[in-house]
Each structure stands twice: as C-alpha cells, then as structure tokens.
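Visitor: So the sequence lines, in the order shown, correspond to chains U and A. Using numbering that gives the first Met the number 0, you'd call the opening residue of the first sequence number 0 and step up by one each time. Using numbering that gives the first Met the number 0, you'd call the opening residue of the second sequence number 0 and step up by one each time.
These are computed hints drawn from the structure, not numbers from a lab. Even glycine gets a Cβ: it sits at the ideal position worked out from N, Cα and C. Treat the hints with care, as some may be off.
Calculated lysine to any residue pairs in the SDA-like style (CA-CA distance at most 25 Å, straight line) [claimed, not checked]:
| # | chain 1 | residue 1 | chain 2 | residue 2 |
| --- | --- | --- | --- | --- |
| 1 | U | K83 | A | A43 |
| 2 | U | K166 | U | E148 |
| 3 | U | K83 | U | L188 |
| 4 | U | K166 | A | A43 |
| 5 | U | K83 | A | A25 |
| 6 | U | K166 | U | Q46 |
| 7 | U | K110 | U | E38 |
| 8 | U | K166 | A | A13 |
| 9 | U | K83 | A | L27 |
| 10 | U | K83 | A | M9 |
| 11 | U | K83 | A | A21 |
| 12 | U | K83 | U | R152 |
| 13 | U | K83 | A | E2 |
| 14 | U | K83 | A | R22 |
| 15 | U | K110 | A | S51 |
| 16 | U | K166 | U | L188 |
| 17 | U | K110 | A | A16 |
| 18 | U | K110 | U | E186 |
| 19 | U | K166 | U | T99 |
| 20 | U | K166 | U | R145 |
Here are some chain U residues the structure puts well away from chain A; computed CB gaps all over 12 Å [stated by the list, open to error]:
| # | residue |
| --- | --- |
| 21 | R30 |
| 22 | R88 |
| 23 | K110 |
| 24 | D142 |
| 25 | P143 |
| 26 | A149 |
| 27 | V153 |
| 28 | S158 |
| 29 | Y181 |
| 30 | G193 |
| 31 | W197 |
| 32 | V199 |
Now the stretches of chain A that chain U is said to cover, found in silico as 3 or more residues with beta-carbon under 8 Å [as the list claims (entries may be wrong)]:
| # | region |
| --- | --- |
| 33 | 50–58 |
| 34 | 152–162 |
The lines below spell out each chain.
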Amino acid sequence: MVPKVVAIAMTPTDDFVSDERVFTGDTPEVRALVAAAREGDRAAFDQIVSVYYRAAFRMALAALKRREDAEDATQDAFVLAWRKVSHFRGDSSFKTWLLTIVWRQALDRRKSRTRWWQRSSSLRHDDDARDDEVDRLASLDADPERRAEARHRVRQVRSAIEGLSPKLRDTLLLAASGEYGYDEIAEILGVPLGTVKWRVAEARRIISAQC
Amino acid sequence: MDEINRVARMMVDAEPAVDLAARIRARLDQVQRHGRAPSWWRVAVPLGAVASLALAIGFAVQGPGSRVQGLPAVAHSAEAGPEVQGPESRVQGPSDSSPFRTLPPLRHYSGAQRSSVSALSMEESAWMERRIAALEPVDALRMEHLTYESIQPEALSITPLLLTAMRTDGADIDRQNNR
Numbered sequence: 000m001v002p003k004v005v006a007i008a009m010t011p012t013d014d015f016v017s018d019e020r021v022f023t024g025d026t027p028e029v030r031a032l033v034a035a036a037r038e039g040d041r042a043a044f045d046q047i048v049s050v051y052y053r054a055a056f057r058m059a060l061a062a063l064k065r066r067e068d069a070e071d072a073t074q075d076a077f078v079l080a081w082r083k084v085s086h087f088r089g090d091s092s093f094k095t096w097l098l099t100i101v102w103r104q105a106l107d108r109r110k111s112r113t114r115w116w117q118r119s120s121s122l123r124h125d126d127d128a129r130d131d132e133v134d135r136l137a138s139l140d141a142d143p144e145r146r147a148e149a150r151h152r153v154r155q156v157r158s159a160i161e162g163l164s165p166k167l168r169d170t171l172l173l174a175a176s177g178e179y180g181y182d183e184i185a186e187i188l189g190v191p192l193g194t195v196k197w198r199v200a201e202a203r204r205i206i207s208a209q210c
Numbered sequence: 000m001d002e003i004n005r006v007a008r009m010m011v012d013a014e015p016a017v018d019l020a021a022r023i024r025a026r027l028d029q030v031q032r033h034g035r036a037p038s039w040w041r042v043a044v045p046l047g048a049v050a051s052l053a054l055a056i057g058f059a060v061q062g063p064g065s066r067v068q069g070l071p072a073v074a075h076s077a078e079a080g081p082e083v084q085g086p087e088s089r090v091q092g093p094s095d096s097s098p099f100r101t102l103p104p105l106r107h108y109s110g111a112q113r114s115s116v117s118a119l120s121m122e123e124s125a126w127m128e129r130r131i132a133a134l135e136p137v138d139a140l141r142m143e144h145l146t147y148e149s150i151q152p153e154a155l156s157i158t159p160l161l162l163t164a165m166r167t168d169g170a171d172i173d174r175q176n177n178r
C-alpha cells in the first residue's frame, strides 16, 4: 500500500546526490565518443570504458554483492554494449543506456547463481569483507565502548538492509551509492520515478522499525 | 548522513580492481578477433523449419497409403528376388469378406540384389512379417462381421423386493412426549 505522505518523505537528501553533473545526461565529450563508437571506432569505446567502468561496477555490486561477480558482470555488459552500440538511438543518455545493460546482466547472473556451494563460499567471503567495512565505519568513534556499540549498530542495519525484499534493497542501494539520480534509477529499473522514491522511503521505514 | 545512508553506501562503495578496465578492453579485443559467436538459435530454427517442411512434403508425396506399410515407399520399389507369400495367411480375416486386407507380399531381397537405397535388412523383414492386422485400415462399410454378443453384459435381473411391515407395540398409541 502506497503511503499517503509521499510528497514530504520522498525528497531525496543531499547525501544521495554527490555531483549534479552526473545526472544531467551525457557531456559533449561523451556524446562525441559515442558517435564515434557507433561508427565502429574501438578506441572511442575504450575511452567510454574508462569513463564508466567504475559506475558500472558499483551498479553490478549493488545487485550481486560479490566483487568477482560484479567484475564479471561488468565485463559482460561492456562486451554487449560494444556489440549493440550501433543500435543506441539516443532516446536516453548513453550512461543510462549502458547502466541498464549492466543492471540486466547483473540480474541475470544473480538469477543463475543457484548453486549452494557458490552461495556458501560467497557468504564466507562477504563476511570477511563486511567485517572490514564495519570496522572502518565503526572506527570513526574514538571511545572503545562506543566503537563496539557502533559496530553492533552497523551490523544490525546491514542485516536489515540485506533482509529487505530484492526490489526495495536494490533501489535503496542504488540510491545510496550516489552515482545515479532517482530519474536514472527509474529508467534503469524500468519503473516510474514515484515508485523509486516510494521504495527508498519504504526501505528506510522498514529498517528504522527493525533497528 | 544518517546511519542507514552510511551503511547502504558502505555496501556499494567499493573500488573495482585496478586492472578491470584493462580486462574489459582485453575482452573486447577477443570479441573483435574471433568475431561474433554464432547464435545457435539463428541456425537451429531455420534448419528445423526446413526439416519439418521436407518431412511434410515427403509424406504428402507418398500419399496416405504408404503410412500403413510402416516403411518409406522406396523400400518396396527396388528390384527384388522371389516374393514371399507366407505372412499373408496369418493376417487374413475369418472369411473372405474380411475387412482386413491382406498384406502385400513381402519382397525378399537376397544379399546380392540389395541396392544401397532400398535394402531391407533381416530385422526389417522380420518386423514386416510381424505386422499385425490391426494396422491395416478397416473398411467402415463392411462391419457386419462384428457382433456384439461378446461384449454385452449379462442381462440385469431384478428381483422384486418383498417388504414385511414392521409392527411395534404401541405404535398406534399417541405418545405424550414427542421427541
């Protein structure tokens, strides 16, 4: 059920918007590179890779959680984008078009990841990585007691985020990464802008209730 | 930044491996070198369509009669040796007016006379001999030989039900307590 107070709670915070330039579409340089790549200029596409591979990796990581899987999905996505760049019509920004491909590759990989031993190995790997991240976040506090408490809180919030439904979790993580605006996320996920805003608010509400 | 934002950002705020961009370019080089991998769907679907069309044309050309023989018509058209009449009597009906047609005489192929296209192996010949009459088309206009006695159930026998009225004591007395 969509909450009534949508207009007030849906305003994205400045914390999620790191660089306004990122969300205003392609820069002229990127447009020139895309035009060249559409003509088959491989060097131009290599430069596009240099521009967007980090954003693509983080998008894949939001879906897959494992670095190796995210890197593989990113590679597959760029290969597919290279094959299809001549079909890019310019209806959306090239970044959105590219990240949509990345997202779909990541989701396909996530769906195919059904083998239990992969899950168990990924959980062990992620636990080690997460502990480092938790310590990094918690170490912001100087007091040891408060640091331990902060560590516990971080773990709690992280578990709550991972316990969300995939739709809510994906939207929250994409919004939190700071790489994409809500309109870009809406276009990538293929949902209305209001749905993105609602999902983020709903995810935050559920996490707040649990923690 | 509140705690949820901070933790959520932590979960995705990772730097890729330093060589990821190089690996992507290497993959692109590989794709360019080897070309696009064949999409098997684009090959399999037309092939399947052509094969289905060929089968349909083949059946249409042979006609419906060839179906009862169980083997392609080409198997019966080759030059052959002496014909074998044996199997016919086994499949003939109880009377001359049997709707079951007699099987066509089998052609016996000696080893020297076999052609590469129409050869019938021993196993195939044996199978042909074992064909049962039911595979032959039944002449629907000649069904008088079929009787129904064998499948009719026994006639139902209905025994009249004898009822004896039960008489209980005090049945005709009005009861004060009606339950």
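Visitor: Evaluate each hint against the coordinates.
Guide: To see whether the hints hold, each was checked on the structure:
A distance of roughly 23 Å separates the Cα atoms of U:K83 and A:A43; the hinted pair therefore holds under the 25 Å criterion. Straight-line distance between C-alpha atoms of U:K166 and U:E148 comes to about 30 Å, which puts the hinted pair past the 25 Å bound. Straight-line distance between C-alpha atoms of U:K83 and U:L188 comes to about 19 Å, which keeps the hinted pair within the 25 Å bound. This hinted pair does not check out: U:K166 and A:A43 have alpha carbons roughly 37 Å apart, beyond 25 Å.
Of the pairs offered as hints, the one joining U:K83 and A:A25 holds, with about 18 Å between alpha carbons and a cut-off of 25 Å not exceeded. With a CA separation close to 32 Å, the supplied pair U:K166 and U:Q46 exceeds the 25 Å bound. A threshold of 25 Å between alpha carbons decides the hint, and for U:K110 with U:E38 the separation of about 34 Å lies outside it, so the pair is violated. A C-alpha spacing of about 21 Å is found between U:K166 and A:A13, which places the hinted pair at or below 25 Å, so the restraint holds.
Between U:K83 and A:L27, the direct Cα distance comes to roughly 13 Å. Compliance with the 25 Å bound is thereby established for this hinted pair. At roughly 33 Å between alpha-carbon atoms, U:K83 and A:M9 are farther apart than 25 Å, so this suggested pair is violated. In summary, the hint linking U:K83 to A:A21 is supported, as the alpha carbons are separated by about 20 Å, within the 25 Å threshold. Taking the CA atoms of U:K83 and U:R152, the gap is about 45 Å. The hint is violated against a cut of 25 Å.
For the proposed pair U:K83 and A:E2, the alpha carbon gap of about 40 Å is over 25 Å, so the pair is violated. A C-alpha spacing of about 19 Å is found between U:K83 and A:R22, which places the hinted pair at or below 25 Å, so the restraint holds. Restraint check for U:K110 and A:S51: the C-alpha separation of about 35 Å exceeds 25 Å, so the hint is violated. Distance restraint check for U:K166 and U:L188: the Cα-Cα separation of roughly 9 Å lies within the 25 Å cut-off, and the hinted pair is therefore satisfied.
For the hint pairing U:K110 with A:A16, the CA-to-CA distance comes to about 24 Å; that is within 25 Å, so the pair holds. Between U:K110 and U:E186 the alpha-carbon distance is near 21 Å, which keeps this suggested pair within the 25 Å criterion. Note on U:K166 and U:T99: the hinted pairing holds, with a Cα-Cα distance of about 15 Å set against a maximum of 25 Å. For a cut-off of 25 Å, the pair hint linking U:K166 to U:R145 is broken: about 33 Å separates their Cα positions.
The beta carbon of U:R30 sits about 21 Å from the closest Cβ of chain A, which is more than 12 Å, so the claim that it is off the interface holds. Non-interface status of U:R88 relative to chain A is upheld: no Cβ of that chain comes within 12 Å, the nearest being about 21 Å off. The beta carbon of U:K110 is kept farther than 12 Å from every beta carbon of chain A, the shortest such distance being approximately 20 Å. No beta-carbon of chain A is positioned within 12 Å of the beta-carbon of U:D142; the least distance is around 17 Å.
Its beta-carbon lying about 19 Å from the closest one in chain A, U:P143 satisfies the requirement of being farther than 12 Å from that chain. Look at U:A149: its CB is around 9 Å from the nearest CB on chain A, not clear of 12 Å, so calling it non-interface is violated. The non-interface label for U:V153 is inconsistent with chain A: the shortest C-beta to C-beta separation is roughly 6 Å, within 12 Å. With a minimum CB-CB distance of about 10 Å to chain A, U:S158 fails to clear the 12 Å threshold, and the non-interface call is violated.
Residue-level check passed: U:Y181 sits 14 Å from the nearest beta carbon of chain A, beyond 12 Å. Distance check on U:G193: its Cβ is at least 20 Å (rounded) from any Cβ of chain A, clearing the 12 Å threshold; non-interface status holds. Even its closest Cβ contact with chain A, about 16 Å, leaves U:W197 beyond 12 Å, as expected for a residue assigned away from the interface. The Cβ of U:V199 sits about 10 Å from the closest Cβ of chain A, inside the 12 Å cut-off, so the non-interface label is violated.
Residues of the region 50–58 of chain A lying with their CB closer than 8 Å to a CB of chain U number 0, which falls below the three-residue condition for coverage. Remark: the region 152–162 of chain A is not confirmed as covered by chain U, as 0 of its residues place a Cβ nearer than 8 Å to a Cβ of that chain, below the required three.
The structure fails to meet hints 2, 4, 6, 7, 10, 12, 13, 15, 20, 26, 27, 28, 32, 33, 34 from the earlier list, while all remaining hints are met.
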